[in-house]
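S.K.: Here's the letter readout for the chains.
There are 2 protein chains.
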Amino acid sequence: MPTSPRRGLRSTSSTPAVPSGDSTVSPSGVVKRVAPSSGTPASETARTIAPRAVVARAGLYLRQLDAFKGQGVHTVSSRQLGEALNLGDAQVRKDLAWFGQFGHPGVGYDVIDLAESLRAALGLDRVWPVALVGVGNLGRALLRDRGFSQRGFQVECVFDKDPRLVGQRCEGFLVEPVERLAELLAARRIVLVVLCVPADQAQAVAHRAVEGGAKGILNFAPVALSLPPGVDVVPVDLSIHLERLAYHAHHAGR
Amino acid sequence: MPTSPRRGLRSTSSTPAVPSGDSTVSPSGVVKRVAPSSGTPASETARTIAPRAVVARAGLYLRQLDAFKGQGVHTVSSRQLGEALNLGDAQVRKDLAWFGQFGHPGVGYDVIDLAESLRAALGLDRVWPVALVGVGNLGRALLRDRGFSQRGFQVECVFDKDPRLVGQRCEGFLVEPVERLAELLAARRIVLVVLCVPADQAQAVAHRAVEGGAKGILNFAPVALSLPPGVDVVPVDLSIHLERLAYHAHHAGR
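Protein sequences appear in the order of chains B and R.
Every letter in the first sequence is one number past the one before it in full-length UniProt numbering, and letter 86, counting from 1, is 86.
Every letter in the second sequence is one number past the one before it in full-length UniProt numbering, and letter 86, counting from 1, is 86.
Careful, some of the hints might be misleading.
It does not matter which identical chain is meant; a pair holds if it fits inside one copy or across any two.
[Claimed, not checked] With a straight-line cut-off of 20 Å between C-alpha atoms, the simulated SDA-like cross-links for lysine to any residue are:
#1 Lys-69 <-> Ala-224
#2 Lys-94 <-> Arg-79
#3 Lys-161 <-> Ala-141
#4 Lys-69 <-> His-104
In case anyone wonders, no lab produced these hints; they're calculated from the structure.
These figures come from a predicted structure and were not determined experimentally.
All chains, full assembly: derive it from the sequences and hints.
M.R.: What follows is the structure, given as structure tokens:
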């Protein structure tokens with residue numbers, strides 16, 4: 001946990017997109033969960049954590065810092081860090097201020113120091129155990145993917161509802177019955193869950209996960225989940241990547 | 001194509017992360033392709049297209065505008081649009097300026113107009129045919145996913161190298177031999193390709209796709225692709241979503 005002072009949570013109550021005191025997330029993932037509307041004081045935690053969009057950009061800064069490091073660059077300015085992501089230097093400094101006080105005026109940021117501090121602030125200086133629910137095609141593909149574990153996320157538990165799969169090994173993992181989801185998450189203190197179940201089962205499975213103490217759900221099911229405050233959902237929206245490519249193809253002409 | 005004036009391409013040559021005149025993309029996707037270094041004039045197209053990070057944010061603005069629309073909101077300010085994504089209003093205006101001149105001082109943006117203009121500027125006011133290569137677990141999962149087609153991306157062609165799959169139907173699609181990739185892309189004028197092949201085949205398959213006229217490649221293989229300028233690659237990095245969840249779980253405590 002970083003000890004540096006953090007900014008308070010900026011009010012988002014003027015944004016019509018945010019349903020107060022709710023954690024419903026649109027399929028696009030742009031509607032954020034916020035603390036209950038004024039009158040109910042936000043918890044201490046809620047007041048000091050960075051908003052989702054800022055955390056997402058922090059992940060991009062981290063990757064860019066790692067790229068700088070790989071190129072032997074020792075020091076960067078907020079301007080250089082911003083240029084790589086086409087963000088203004090003021091925006092970069094504002095974003096980073098959520099995670100601590102970094103850098104020296106006129107000198108910039110030490111690439112390695114900033115990456116390490118950011119990693120610690122983001123909670124990425126440890127291995128996170130992850131549970132995966134649903135070993136259909138997508139679930140199997142994700143279990144084979146080494147990308148997660150390379151970045152510190154270790155699948156420890158795999159679930160399915162199909163009795164033909166339960167008790168079998170899948171990509172090396174023993175498949176547990178989804179009925180045991182809450183019990184095993186709690187027992188193994190797993191708070192991150194990857195949901196690869198069909199849309200019509202996602203809400204019920206997510207509820208079981210929350211019962212077991214899940215705090216974060218990566219949702220591949222094409223459905224919006226409604227969950228209690230304190231549980232974060234990231235819906236995976238692959239079409240946004242195709243949109244980026246379409247823009248460039250559109251302008252490249254043919 | 002939008003006819004409004006656009007900003008020129010800002011120089012990124014001072015950013016050490018950018019390999020000049022190259023389109024190599026790191027697995028994190030943060031290293032951008034740029035026009036060849038000074039001396040070689042950038043093409044007319046290269047000078048007027050928005051950088052990748054800006055296009056990615058445009059996709060988020062679009063989703064937020066759709067959310068506003070769903071809530072019956074008619075007009076928004078750059079501040080409100082920014083707040084939803086925790087971006088400053090200056091950053092929002094700067095980003096939108098890449099795509100045209102929108103909004104009225106003191107009034108803000110008309111939600112429906114801005115969404116439509118942005119959609120047109122991004123090339124999303126049409127259906128894009130897409131080819132998918134590799135019908136393993138991930139490929140099959142993506143073929144089943146209705147999310148792509150809901151946002152205007154239609155899979156029209158499916159390829160694999162496995163002779164047991166070629167000629168068969170997979171999720172309703174006839175599987176073509178990967179040897180015909182270039183030929184069929186060109187014949188059907190498909191410029192967007194989703195790559196779901198193993199890492200050791202990705203580079204070779206991507207080259208075939210480029211031969212067939214591919215302009216954009218969504219790369220699920222955990223390997224960096226090196227492709228000629230003018231071809232855009234988006235590597236899919238799912239761990240960034242888990243990082244976001246980890247941050248919140250880290251601070252929610254347990």
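S.K.: Now tell me if each hint is right for this structure.
M.R.: Consistency of the hints with the structure:
1. Lys-69 <-> Ala-224: between (38 Å within a copy, 17 Å between copies)
2. Lys-94 <-> Arg-79: Both, since 12 Å and 15 Å are each at most 20 Å.
3. Lys-161 <-> Ala-141: Both. Shortest intra-copy (18 Å) and inter-copy (18 Å) distances satisfy the 20 Å Cα cut-off.
4. Lys-69 <-> His-104: Answer is within: at 18 Å inside a copy they meet the 20 Å cutoff, but 44 Å across does not.
Going through the hint list in order, the structure satisfies each hint without exception.
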